[in-house]
Amino acid sequence: MVSLRKKKKTSAEIPTASMADIAFLLIVFFMTTTIFASERGLKMLLPEKSKQVKIASENIMKIIVSPTGLVRVETEDGRMKDFDIDKQGDQVREAVKTALDNNEELSVAIKVSRFAPYSRMIDVLDEVKAANAQRISLVPLAEEGGGEE
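Okay, so the sequence shown: first residue is 3 according to this note's numbering, each after it adds one.
It is worth saying that the hints were derived from the structure and are not from the lab. Backbone N, C-alpha and C fix where the C-beta goes; we use that ideal spot for every residue, glycine too. Just to be clear, a hint being listed does not mean it is correct.
[To be verified] No more than 25 Å apart at the CA atoms, straight line, and that leaves these computed lysine to any residue pairs for SDA-like:
#1 Lys99 x Gln136
#2 Lys83 x Ala58
#3 Lys56 x Ala111
[Stated by the list, open to error] Estimated spans, in silico, between C-beta atoms of each pair:
#4 Thr35 x Thr12: 35 to 43 Å
#5 Thr35 x Arg7: 47 to 55 Å
#6 Met33 x Thr77: 52 to 60 Å
#7 Glu78 x Lys131: 30 to 38 Å
Whenever a hint applies, use it, and build me the whole structure from the sequences.
Written out as structure tokens, the structure reads:
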């Protein structure tokens with residue numbers, strides 16, 4: 003008679019003894035190779051700390067950003083003119099350029115409400131920088147516990 007051999011049944015097992023080690027190594031690998039994004043904020047060159055210098059009021063151009071986001075710019079004759087920065091950003095830039103051309107000692111004071119949209123302050127700052135203003139200060143509005151009006 004023909005002898006039949008019994009086949010050994012092999013079970014389909016995945017060895018799990020080192021599975022925790024492999025998972026831990028993968029976690030460590032991805033944590034060390036991943037670059038975490040961080041917010042950088044605005045890059046501004048700040049002056050060295052020195053004595054406060056009193057600036058004459060005729061050498062200060064005020065730009066006010068209201069809580070609603072409305073931008074008010076002080077004109078040459080001292081009146082305030084309202085601008086919608088989204089539609090009239092170039093006019094804000096031109097107003098600052100004109101004032102800078104007429105007064106080389108001009109400082110631009112951007113007074114921002116703490117309730118104003120952050121993007122409005124950035125838009126105004128961009129327009130003032132585009133006008134080549136060198137002396138810029140950011141001041142909180144007086145009614146909110148900040149600077150002078």
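Hint by hint, here is what the structure shows:
1. For the hint linking Lys99 to Gln136, the alpha-carbon distance of about 11 Å falls within 25 Å, and the restraint holds.
2. As the CA atoms of Lys83 and Ala58 are separated by approximately 22 Å, the hinted pair is consistent with the 25 Å bound.
3. For the suggested pair Lys56 and Ala111, the alpha carbons sit about 14 Å apart, so the restraint of at most 25 Å is met.
4. Distance hint check for Thr35 and Thr12: the Cβ-Cβ separation is about 38 Å, which falls inside the suggested range of 35 to 43 Å.
5. As the Cβ distance of Thr35 to Arg7 is approximately 52 Å, the hint placing it in 47 to 55 Å holds.
6. The given range of 52 to 60 Å is respected by Met33 and Thr77, whose C-beta atoms sit roughly 56 Å from each other.
7. Checked against the hint of 30 to 38 Å, the pair Glu78 and Lys131 fails, with Cβ atoms roughly 21 Å apart.
Hint compliance for this structure: hint 7 is the single one not met.
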